[in-house]
Structure formats: structure tokens, C-alpha cells
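Heads up: the protein sequence lines correspond to chains G and Y, in order.
No gaps in the numbering here: position 35 of the first sequence is 35 in the UniProt record's numbering, and each next residue is one more.
No gaps in the numbering here: position 366 of the second sequence is 366 in the UniProt record's numbering, and each next residue is one more.
Watch out, some of these pointers could steer you wrong.
Since the list can't tell identical chains apart, any single copy or any two copies may satisfy a pair.
What the hints assert, rightly or not - Straight-line Cα separation of at most 25 Å, PhoX-like style, residue types lysine-lysine; simulated pairs: (1) 358 - 311; (2) 276 - 407; (3) 427 - 408; (4) 406 - 394; (5) 406 - 119; (6) 239 - 279; (7) 358 - 239; (8) 119 - 311; (9) 407 - 325; (10) 454 - 218; (11) 427 - 279; (12) 377 - 260; (13) 30 - 311; (14) 218 - 30; (15) 218 - 119.
No wet-lab data here; the hints were simulated from the structure.
Protein chains: 2
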Amino acid sequence: MKTEEKLNMTMLCDFYELTMGNGYFESGYKDRITYFDVFFRRVPDDGGFAIAAGLEQLIDYIENLHFSPEDIAYLRGRNLFSEEFLSYLEDFHFTGDIYAMPEGTPVFPREPMVIVRAKAIEAQLIETFTLLTINHQSLIATKANRIARAARGRTVLEFGSRRAQGADAAIIGARAAYIGGVAGTACTISDQIYGVPAGGTMAHAWVQMFDSEYDAFKTYCQIYPHNATLLVDTYNTLKSGVPNAIRAFNEVLKPMGITKCGIRLDSGDMAYLTRKARKMLDEAGWTECQISVSNSLDEYLIQDLLLQDAKIDLFGVGERMITAKSEPVFGGVYKLAAVEDQQGNITPKIKISENVEKITIPHFKKVYRFYGNDTGKAIADYITVYDETLDDTKDLEIFDPSATWKKKTVYNFTARPLLVPVFLGGKRVYDSPSLPEIQAYCRQQVDTLWDEVKRFDNPHSYYVDLSDRLWNIQQDLLRNRK
Amino acid sequence: MKTEEKLNMTMLCDFYELTMGNGYFESGYKDRITYFDVFFRRVPDDGGFAIAAGLEQLIDYIENLHFSPEDIAYLRGRNLFSEEFLSYLEDFHFTGDIYAMPEGTPVFPREPMVIVRAKAIEAQLIETFTLLTINHQSLIATKANRIARAARGRTVLEFGSRRAQGADAAIIGARAAYIGGVAGTACTISDQIYGVPAGGTMAHAWVQMFDSEYDAFKTYCQIYPHNATLLVDTYNTLKSGVPNAIRAFNEVLKPMGITKCGIRLDSGDMAYLTRKARKMLDEAGWTECQISVSNSLDEYLIQDLLLQDAKIDLFGVGERMITAKSEPVFGGVYKLAAVEDQQGNITPKIKISENVEKITIPHFKKVYRFYGNDTGKAIADYITVYDETLDDTKDLEIFDPSATWKKKTVYNFTARPLLVPVFLGGKRVYDSPSLPEIQAYCRQQVDTLWDEVKRFDNPHSYYVDLSDRLWNIQQDLLRNRK
């Protein structure tokens, strides 16, 4: 696996992080400990849950955080920052704590996915990149998970590089899609860097390059007898593409005793064409020939094709996955939750807003997921103040924070804390699992969700409740706002 | 300006480019000259035109094209490629020609934005990255142009890094947005690398960090008296935010004789709140205080706010521009148009498809834009075979290629070729304009379009016609397909 050449992303920050940083420095707040939460308010596509991803790239970023001499020179040229601040930046690195949900964890609105506890300037500076990486990868992992589930066990591959929003979106997007459940990618460098299995065979240009479609197919089978997936829709899928593919399989692969091969369709009515093609292939004895389709697929089209009994073994999904086309934004935000004085006293902070749904949950928090001991299924998430203890051997009454009369008693359950320490005192304390481990963890955790939560449309709202104490702290701050 | 540290993106290719490359090598097609067109079929958001962008990054990519020893080692490990091909890749670089529309050019469906003439393996290998960079930047430049036009002369800034689809999408997205017409960005590194002007002041966290909103505002004004834009919606915009801002301006800026300042709103009803805020500011004598708004804006919301007489000087546009949220895919494709034999004879190629709109325009082509000599406005684009001559001193009858009875005679016009040589024989022959020059060219070229073409919804379809000769070549290929 190639080591990724890393660009220093320290300067990938909104400019206001720097004006605020200098401001904290100038006004005596530079060493004040702050707590920031990363959370989101709505699942894209109105789904029932999202998949957390992007932590690995956040870790890389934090470990590489520093300002180069040319960065400092650029900032000096802006004539906004004090020389004291600029020399402070020369030795700047991250000294705080980060807690995060491991990649692949199903996550719900309003609960912190990442908590940063750090000096004000450090915590502020990392806002932009932290959000960028968590938002981007969680978006793609969430979408890929929907699409992979729609395929009901069939293979889904990521084919979207050419329509991705930049090189990172292609390379890292394929990684996120893999976490969400796709089996591989067309993007070569994602395999080389991250080990996302990459594959591919031919485009229409290959077929057009030869004097005839049959010549193109035959030549391909001769060169790649063990990897022969032929694109059959360049001229006419059923009249020329499939018959020419069968002829090439018969003439090249059959004498070699090869029975595994494939065709791919990239246009036309996939339900009709794949049923016809399957019949033609089976009648010719190519029952192991796999049928792949591509062409603007997503979870709904895959579901529809399977409902119509399309004969498809493999879905290649491009632009609608790599851009999360139906809703291409994961709205994670980064909000101040508390400040800490030099004696270690933590003061919770709230952001009130004209838009009620933008009001934040204050304080340094923990998040638990409750699993039923009988079913193994996730029952509810439960957010507490950081120093609360939770006894999951006793029944617990929980309530909906936005409709407090909605109560529910949970019993016979196991509480699992979701946030794990990633950095403590600036030191990395978290060993990232391998990418296949993350994918397996994601699959296993999604399996703990009830089907009602996993519906694509109108899913059941999973419970994310606050402890009594946390709820009271929020209400006090709302009442006493200034 | 910082020199961008460049990653070698050669391996950012769909794996099939490599299997086809090896296949061309093995089957004797490696030196065959091919012609590929980059074009798109539909303008995002059903707009009337798109803005071409991304050429500069394509040039960087082509100039850096090479396989490192570790790339070769990775490919060898796949056990699909011949040793001869792998050693060919060791010295691989681009030796062909590239023609392209300059960045900032308004571009229409079906016309080539980029033409690649190169040996089959070279032309094939660069497909993925070429599409990725042209698609991504044209998408954002097109969206940014819509949003900038909606603001009717008011300032638009790009604020979307945290919601961008990866680091490139943020950094290069800001560049593309600038080409499309925004005045600047919040993304610091885009300024450092590309010179897109970056700025910013404070987030809600700044306000929350202090004991009171007033303290936060006053401190900010003291540190940045010449850059004081205060975020007024942390607690209550009209009851506390604007009054506290006025108090801070009065107490800090007024004694310094400063009259320029600003407030920013990030939530609530922007039409109502900005009218009220404007009144309060004016009554307090802060008539030069600029009002900025952000919060999920796009061209439609900006249009609506201005219709409702919102008092806004500056729009900060985030996720809906940096992801082109309403339609986050620019569907550029890369299709074989011709092949050339060793004698230099060019054979046009066509891709036929079950989906009629996917049929391609064959041959090596030129694209002209006709401007009326009386109005200066663009009348039509006209695609010819590469060696046709065009005499714009005479009247010319053109026709719609999908409805040939629709004819139109153009007269008193000037024909401008849109595609310029960028690489010839592998050598760069094009000097890129500066980014401000590209922005100015874009604005000037968009001004040559009639308002009917520029409407956001149901725009007039601009004429993109084929020459008689080109149309006949396409029809012949359709009739004689195999």
C-alpha cells in the first residue's frame, strides 16, 4: 500500500478561525479550555441514521497540524495579526483531547460525533477541516450504505471518480463508500493508498477502436481470459452486443475451460435487457456469466430493478453515490458546548437561535447506546453530562427532550459508550482499525438497528434522549439567556 | 502566492483505463492516433449555458503525468499487465495535442469543450482525471455564476469549505466559484495558493466565549477596528445583537473616526430582520455599516430576498454553491470521435446508444461562436469538421441538427473559434491568463448572451448547429452502423 503523500492542510481553514485565534490571543483567552461538539441536525435523504466516517483523515490532519514559514509570511502580509500571535503560530500544534465515534458507527441527529477539548485557539482553528472531513465522508458512507442495502446482497461497486467534486472526493470518497458497504471501486489510486479493491475492464472506446465489436471482444478475452467483462451496449445490446460476447466467450474462453466471465450494460432499459441477456447467456451455456449494470443508479433505481426481476449480479454506481446527488450536503456543525476555568470548573454554554432547531445541547457530554439483551437490537441513545454514572443493571426511564411527556422505560439492556478517546493531551491514543474491519463493524452495527429505522422513506425516529440532569442544564440556560 | 504542492495524480484513473491501455499495447493499437471529445448533454439546473473551468488543473496534471516506481510495483502486483507494458509505462508521458475552450467561456450542450488527439493509450489513460477536473470546476463555476447574477451587483462570497466534498472541493471549488463571479472566499488556503481573496471575522463561538455579547463585540472592534463585522444572531438579533453592535461601534469605532463596519446574520427571517436592522443602524448614524447574510442561500433565495426589499450588501453562500447542491453533477463525458492511420487519414467514429441522446457527434471538429456585428451578442455556435473553412463575410444558412427543417440565416456576423491549442506534440503552447483575467473574461462573455438564455428557469435554447458536411458524416455513420 502506497503511503499517501500528505499536504499540510493547516491553512485549509476559514479565515475567521485565524481572526478569532488572534483575537483570543490578544484578549487573554488563548489558554482558556473550550469544548466543541460536532453534530448534525438532519440525516441526508431523510434517512433514519447516518454512518460516521472521516476520523482517519481528521487524525492525519491533527498530527500534521503546523504553520510553515511561508504560511506565517502569508498571514503577516494580511496586516491583521500581531507579531506575538504570528510567533505563537510558529510553534503551534494540537495539545488537546479529541473523543469520537469510531468510523462506521450509525449516528443520529443532535448527538456529538466528535468532541474537541482544547485551548480556544486550537479548538477554533481546527473547526473547518474537522467539519470538512467528517461531513464529506459521513455523507458518502451514509449514501453508500443505503445503496448497498438496496442491492440486497448483490455486489455494488463505486464508479464515480469522473463525476466527483475534485480529486479528494474521488479518492477519499471511494474509501467512505467502502466503509458504507460497497465491495470495491474503479478508482485505482484508492486501492493503492487505502486498499479499496479496484477493478475494471473496458469502456465504449475499446469497442469502437476495433474494426468490429466482435474483434474488440475477442481480443479482450484473449488478453484477459480471467477478467473478461465485455461492454455490450456500444451498438445494439441484444442484436449485436450479447451475441458477439457469447461468440467471443465460446471461441476464446470455452477451449480454455473458463466458465467465469461477465457482460456490462451502460444504457437502455436494464430490467428488460438483463432478463433477455440472461436468457441468451443461459441458453448458450454461460450460466456463470455475471451481468453488471451501470448508468445513473441509486438506491431507488436498484430497488425498482430488483422488484421488476432484473437479472443483475453487480451494480456499478457512479455520480449518484460519489456526490450523494439526491442530497449532497452533510450538515455537521461545530458548536461551543462548554468552557473550563483554570481550576477545572466547566461552565456549559448554549447557542440560542431564531431557528429553534439550531439550539444546541450544552456541556461536556457522553453518549451511550442501549442494546436490548434479548434482541441485541439498539433501543435508544442516551446523552449525559460527562461525569454522570449510568447503571444499566437497573430499569431506566427516558424521555423525548422535545416532548417530555413521551416517556419510556428501558430494562434488560446493555449501555455502550459511543465516543472513544482519540487524542489526549495532544497525543494520539487511538489505533485505527483496518478498512475491512471498519466495513465489517459498520455492517454489524447497522444490523443492530430495527428495520423500521432502516427504511429509506419515513423511517421510524430512533430515540436520542438526554439525561434528567443534562436536560435541566439546557432548560436553565434557555431561561437565563442574556 | 504559495506554490501548490502537487500530488502526482497519474494513478487517479479508472482501472479500466489501464486494462484498456495494456490491451491496446498488446493488440498493436498503442501508437494509433485517437481523437476524444469532452462534452456534456445537459446544463445543470436546466440552465441556458454552463461556464467552462478546470483547464489549469488539467494542464498541471498533463505536465506531471508519469508513473513512479511504486506505481509500477502496484500494477505489477495486480498480475494483469505484461512486463512489456509495465516497462513502457516507466517512460510514459503525454505526447499528444489538446485543444480546449479557455476557462470562463460560456459553453453549451453537445459541443466539445476539450479535444484530445493522442496515441490510444495516452488518450485513454487521461480520461478520468480530465473529466474529473473539467466536470468539477465547470459545475461550481456554472452554479457560482447563477448565484452571482442573482445578487445583481451586490457582493457574493464563497463560505462553503466545511461542507465541501473533500479538501480539493473546498480549495479548488473556491477558485471555480471566483471564475463564475464571486468576489472572494472564506477559505484561507485558496487565497494563498490561487489568490482568491479570503476574508472573515467571527463565528458564534467568539460571542459565546465572552461573558456578554457586548464584551465580545467591543473586544473585536478594539482588535480589528478596520475589519469589524459583528455576528448579531447568537442570542436575539434585534433585541440584543444589533443594539450591542451599535453600542460597540459607538464606543470603539466612532472615537477613531471609523465609519465603515458591518453586521452579519446567520439565521432567522433575513428579509424582515435586515430591514429592521438597516433602520436601527441608519437611525444610529451607521449608514455605511454593511449588512451581510448567510444561511443556506442560493440564486432563488437571493432573488426572493431582493424582491422583498431585504437590505443586504453582501451574501455569504456556503453549501449550496460549493456542492452545487441543487444538481451536484456536471455530466461531462469523454467519447472517441475519430481515429487516424499512419498516413494521417482520419476516420470518424460514432457511439450509438439505446438512449438516443447519448449518440455522439463524430470526427475531429472545430467550434465557432457567431457574434452579431450590430449587437455584439452571441447568435449561435457552429460545429464543423476540422478542415472546413468558414467565411463570415457571407450570409450562412444554419439548421437545428435534431429538427433539420428549422433553418436560420445568419448575416453580418463575426465567427470566433472557441477551441485554442493547449498542448501540441506534448508541449504546452498555452499561457493561462491570471485568475482575475479569467473572471473578467467570463463576465464579458456572459454579457454577450441574450437575457433569454440567461434566465434561471426555462431559458431559451441557444443554437448549437452542425455544418452540412459534419451533419452528413454523422447521418452516414448512423445509417451504416455495424
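Hints, one by one, checked against the model:
1. 358 - 311: Only across copies: residue 358 and residue 311 sit 24 Å apart there, 46 Å inside one copy, limit 25 Å.
2. 276 - 407: neither (55 Å within a copy, 42 Å between copies)
3. 427 - 408: Neither. Shortest intra-copy (40 Å) and inter-copy (71 Å) distances fail the 25 Å Cα cut-off.
4. 406 - 394: within (20 Å within a copy, 80 Å between copies)
5. 406 - 119: For residue 406 and residue 119, the Cα distance exceeds 25 Å both inside one copy (39 Å) and across copies (69 Å).
6. 239 - 279: For residue 239 and residue 279, the Cα distance is within 25 Å only inside one copy (14 Å; across copies 72 Å).
7. 358 - 239: between (58 Å within a copy, 18 Å between copies)
8. 119 - 311: neither (57 Å within a copy, 38 Å between copies)
9. 407 - 325: Answer is neither: 37 Å inside a copy and 38 Å across each miss the 25 Å cutoff.
10. 454 - 218: Result: close neither inside a copy nor across copies, 45 Å intra and 49 Å inter.
11. 427 - 279: Classified as neither: same-chain Cα gap 60 Å, cross-chain 52 Å, threshold 25 Å.
12. 377 - 260: neither (39 Å within a copy, 59 Å between copies)
13. 30 - 311: neither (62 Å within a copy, 36 Å between copies)
14. 218 - 30: Answer is between; shortest inter-copy Cα gap is 17 Å, intra-copy 69 Å.
15. 218 - 119: between (65 Å within a copy, 22 Å between copies)
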